[in-house]
Amino acid sequence: MSNAQPGAGRKARVFVTGSADGLGHAAAKTLLSQGHDVVVHVRSQARLSAVKELVDQGATATIGDLSDLAQIRDLGRQVNALGRMDAVIHNAGVISGASLLVVNVVAPYLLTVLIQRPERLIYLSSSMHKGGHADLNDMDWSGGTSTGSYSDSKLFVAALAAAVARLWPDVYSNAVDPGWVPTKMGGSSAPDDLRLGHLTQEWLAASDDREALTSGGYWHHQRRQEPHPAVNDIRFQDQLLAELARATGVNLSA
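Just add 9 to wherever you are in the sequence shown, counting from 1, and you've got the numbering used here.
Derived by calculation from the structure, the hints in this document are not laboratory data.
Among the hints, a few may not be true.
[Unchecked claim] Restraint-style ranges between C-beta atoms, simulated for each label pair:
| no. | residue 1 | residue 2 | range |
| --- | --- | --- | --- |
| 1 | 20 | 126 | 12 to 22 Å |
| 2 | 260 | 153 | 18 to 28 Å |
| 3 | 178 | 93 | 11 to 21 Å |
| 4 | 80 | 104 | 13 to 23 Å |
| 5 | 105 | 219 | 30 to 40 Å |
[Said to hold, decoys possible] For lysine to aspartate or glutamate, the following EDC-like pairs were computed, each having C-alpha atoms within a straight-line distance of at most 20 Å:
| no. | residue 1 | residue 2 |
| --- | --- | --- |
| 6 | 139 | 242 |
| 7 | 61 | 74 |
| 8 | 20 | 242 |
| 9 | 20 | 149 |
The C-beta atom is built at its ideal place from N, Cα and C for all residues, glycine as well.
With the hints as extra help, turn the sequences into a complete structure.
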């Protein structure tokens, strides 16, 4: 594990989804403090006040509800209009509800396809992905009904990250388990270190460390971990990509 600063040696342009609070806000704030160009994202116009501090420090704000496919597409257009990103941190997520699969899986998939291909992609998974089921039957990717669990969604997004790493060899694509940290989602009694909860994402997004310039990893606190076997199962990856392509009408091509 490297102790170097995540952004040492280069200035990067980084887009962070779900930047209004929690780990996304913390990562955006840290990257800004290191001199990077940061594009933040909030769900609605009403949430812009949550990133005012970041915008005042030079961040650019984008808006889009990640439970709505039309707004996800518009968000992709907003990001592309700003120019090519060096890195995208797919941080946004929800823990339950009918929109679970849309926000946690469909949105990162669709944005991956729509946003001009960056050098680096980071997808937020969870240690809970190991309790997920590699079963795509009867999943409602539209958000119309509540299907799949949080653990399932985090298994799917880790498999997406691995699939992108396989299909796009010119991109560093990785999944991150940030740990159980004290955010709004994690709760105030969460036992893990909040700083470590966003350090790995920043490091993978902007560091020139040799270890950060790798792809296809599943990371926890700057260390590679062994994910659920389905994550690196090419057949499962292809099934997932086919389902997401069917649900969105766009294909993630090599």
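Hints and how they fare:
no., hint, verdict
1, 20 - 126: 12 to 22 Å, "holds, 19 Å"
2, 260 - 153: 18 to 28 Å, "holds, 22 Å"
3, 178 - 93: 11 to 21 Å, "holds, 18 Å"
4, 80 - 104: 13 to 23 Å, "holds, 20 Å"
5, 105 - 219: 30 to 40 Å, "holds, 39 Å"
6, 139 - 242, "holds, 14 Å"
7, 61 - 74, "holds, 18 Å"
8, 20 - 242, "violated, 35 Å"
9, 20 - 149, "violated, 40 Å"
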